[in-house]
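**Student:** Each chain, written out:
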Amino acid sequence: MIKLAGITKTYGSGEVATQVLKGIDLQIEKGEFVAIMGPSGSGKSTLLNILGALDVPTEGDYSFMDTNIRGLSKDQLALFRRNILGFVFQGFNLLKKTSALANVEMPLIYQGVSAKERHKRALEVLSSVGLQERVDYDPGQLSGGEQQRVAIARAIVTRPKVLIADEPTGNLDTKRSHEIMQLITGFNREGITVVMVTHEEEMAEYASRIIRLRDGMIEKDGHHAV
Amino acid sequence: MLYNAFLQAIREIKRNMMRSALTAIGIVIGIASVIAMVNIGKGASASITQSVSKLGSNNLLILPGQTRGGPGGASSFAKPFKPNDLNVLKSSINTLEAVSPVENTSMTVVYKDQNYRTNIKGVNNDYFTVQSLEVDLGRKFEKSELRTGQSACIVGKTVVKKLFAPDENVLGQKIRLKNFSCVIVGTLVEKGANTFGGDQDDLILVPTKMFQRRISGNNNIHMITVSVKKNIPLEEAKLQIDQVLRESRHIKANDEADFTILSFTTLLDTISQITAILTVMLGAVAAISLIVGGVGIMNIMLVSVTERTREIGIRMAVGAMAADILIQFLIESVVLSALGGIVGVLLGLAITYGVAIGLDIQLILDPSITVLSLLFSMLIGVIFGISPARKAANMNPIDALRYE
Numbered sequence: 001m002i003k004l005a006g007i008t009k010t011y012g013s014g015e016v017a018t019q020v021l022k023g024i025d026l027q028i029e030k031g032e033f034v035a036i037m038g039p040s041g042s043g044k045s046t047l048l049n050i051l052g053a054l055d056v057p058t059e060g061d062y063s064f065m066d067t068n069i070r071g072l073s074k075d076q077l078a079l080f081r082r083n084i085l086g087f088v089f090q091g092f093n094l095l096k097k098t099s100a101l102a103n104v105e106m107p108l109i110y111q112g113v114s115a116k117e118r119h120k121r122a123l124e125v126l127s128s129v130g131l132q133e134r135v136d137y138d139p140g141q142l143s144g145g146e147q148q149r150v151a152i153a154r155a156i157v158t159r160p161k162v163l164i165a166d167e168p169t170g171n172l173d174t175k176r177s178h179e180i181m182q183l184i185t186g187f188n189r190e191g192i193t194v195v196m197v198t199h200e201e202e203m204a205e206y207a208s209r210i211i212r213l214r215d216g217m218i219e220k221d222g223h224h225a226v
Numbered sequence: 227m228l229y230n231a232f233l234q235a236i237r238e239i240k241r242n243m244m245r246s247a248l249t250a251i252g253i254v255i256g257i258a259s260v261i262a263m264v265n266i267g268k269g270a271s272a273s274i275t276q277s278v279s280k281l282g283s284n285n286l287l288i289l290p291g292q293t294r295g296g297p298g299g300a301s302s303f304a305k306p307f308k309p310n311d312l313n314v315l316k317s318s319i320n321t322l323e324a325v326s327p328v329e330n331t332s333m334t335v336v337y338k339d340q341n342y343r344t345n346i347k348g349v350n351n352d353y354f355t356v357q358s359l360e361v362d363l364g365r366k367f368e369k370s371e372l373r374t375g376q377s378a379c380i381v382g383k384t385v386v387k388k389l390f391a392p393d394e395n396v397l398g399q400k401i402r403l404k405n406f407s408c409v410i411v412g413t414l415v416e417k418g419a420n421t422f423g424g425d426q427d428d429l430i431l432v433p434t435k436m437f438q439r440r441i442s443g444n445n446n447i448h449m450i451t452v453s454v455k456k457n458i459p460l461e462e463a464k465l466q467i468d469q470v471l472r473e474s475r476h477i478k479a480n481d482e483a484d485f486t487i488l489s490f491t492t493l494l495d496t497i498s499q500i501t502a503i504l505t506v507m508l509g510a511v512a513a514i515s516l517i518v519g520g521v522g523i524m525n526i527m528l529v530s531v532t533e534r535t536r537e538i539g540i541r542m543a544v545g546a547m548a549a550d551i552l553i554q555f556l557i558e559s560v561v562l563s564a565l566g567g568i569v570g571v572l573l574g575l576a577i578t579y580g581v582a583i584g585l586d587i588q589l590i591l592d593p594s595i596t597v598l599s600l601l602f603s604m605l606i607g608v609i610f611g612i613s614p615a616r617k618a619a620n621m622n623p624i625d626a627l628r629y630e
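Quick mapping for you: the protein sequence lines, in order, are chains B and H.
All residue numbers for the first sequence refer to my numbering, where the first residue is 1 and numbers rise by one.
All residue numbers for the second sequence refer to my numbering, where the first residue is 227 and numbers rise by one.
What the hints contain is simulated information worked out from the structure, not anything from laboratory work.
Nothing here was measured: the structure is a model prediction, and the numbers come from that model.
We put the beta carbon where it would ideally sit given N, CA and C, even for glycine.
Treat each hint with caution, since some may be false.
To be verified - Simulated restraints on C-beta separations: (1) B:Met-1 - H:Ile-612: 57 to 65 Å; (2) B:Gln-76 - H:Lys-240: 29 to 37 Å; (3) B:Val-16 - H:Ile-612: 48 to 56 Å; (4) H:Leu-598 - B:Lys-116: 35 to 43 Å.
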């Protein structure tokens, strides 16, 4: 489904240029749960941002189901994120002083879903992450684990094909981390492809495939039985 | 999308209530002053026009000399009119209803131990028609009084009050002016103050002839007022007067006349010109304050965009296009300035109402300026909101998301 070929990413130019990705070839199939690991500075976040169409590679090809993502305009990239992808971030990235419900409804506004339908779908997804009692709470009134569950609800409410997760458990304790990973695994089983960056082996265990990066190159790419 | 952006804008403005209110004050003041200035200007203009036309819209004033720029410009050194000028006006023009000379001075009048300084006007009985005066007690001047200049006075109510006791009989009493005395033959019906605050009852009318003999000492006439018959255009009467006076004063057709015929419509034009200029100037000052208000909105929107960089990043990540972000911030600034506009309109109308009552001028509320102001306040929101909104829309999603 996802195919990267010869992806490089260079920041800056001339003498200060830093090449963060040095030629990544990667193929991810539909329904996979991929964990990207590596020490800091290995380029794993950059790779994830390119996969999430938040950033563009310097060189190489990125195609998604036969569509060349590199050839898309800014607005087309926005549409790609809007309709195909869902995002979960380490820092939750919820809208402040905005209820959990409104946070989850927000992506649907851009999809042009009617207010009634938005409300219904947001409530559904919030109860699927176990927050049916918290829909009117602001992020500030929720615990870290609850905030991340709101973020997951927001990511999957648009029924994305791929869930992009950047250290989703980075700010959580072990117990909450496992809860979150179980949620994500659950959605993966329902058919959503998951690409997750993490540095915790324990969390990477949930994935069906682990890709290890070092110095901007793929060091190891292996499937393992869950 | 627009509706959602509108709801979002309202939510955002509520969230920063204090800041939004302070920002909108600039627009409130601007719009309120535009509305108040224009409406009060129109009301004042209408009031002045009305009171000037009360002075007599079918009256003409003939003054010696050439005036430029209004009635005050007539030179007192110009050759005054002679009795003959007056006579030809009366005899050869049939479009005039009344013709009266007016000689003016101010003098102290004495009755017993009371004295009072008032206006003395040397006129004939036509003056009553021209000025719409009516006799209360007694009578107008008799023919003999007008012809010979014997002493006879018709006094206004203010003079009566100043000189006589409340129940005292006024008719037939002698009052002293300078070194001669004058018998009161009539009193005038009270007219009250005119719009400019002048007391219209503070005067004594005497026959022109008497004025000339006892006060000025010559037979010069310094002003003639005429009343044109109804249904006769003022311009036609003006032409006739011009022709007749040129003849009697021996002025060739191509030469400049040594007299001026003023109508109150001329005066009206001057006044409405002045008020129009004032309205435009005050409006310009108000417009400047609107621009200042707009800059305030731009400033706060720029702050808001920077503050909400992270939010912009999140919205872009979930699929907002540049245009979505642009519209969101643009609508926010338009809603903010339009809210300021609405409050400003209400405040402006209240000020207009208060001033109209307070200064006793006509209350004119022009609906077009209200609508225009509201549209203009929204336009300001667009003009000053576009640059912050574009700044937001042009952000790079990954940079916006990483912004701390």
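**Student:** Of the hints stated earlier, which fail here?
**Tutor:** 1 and 3
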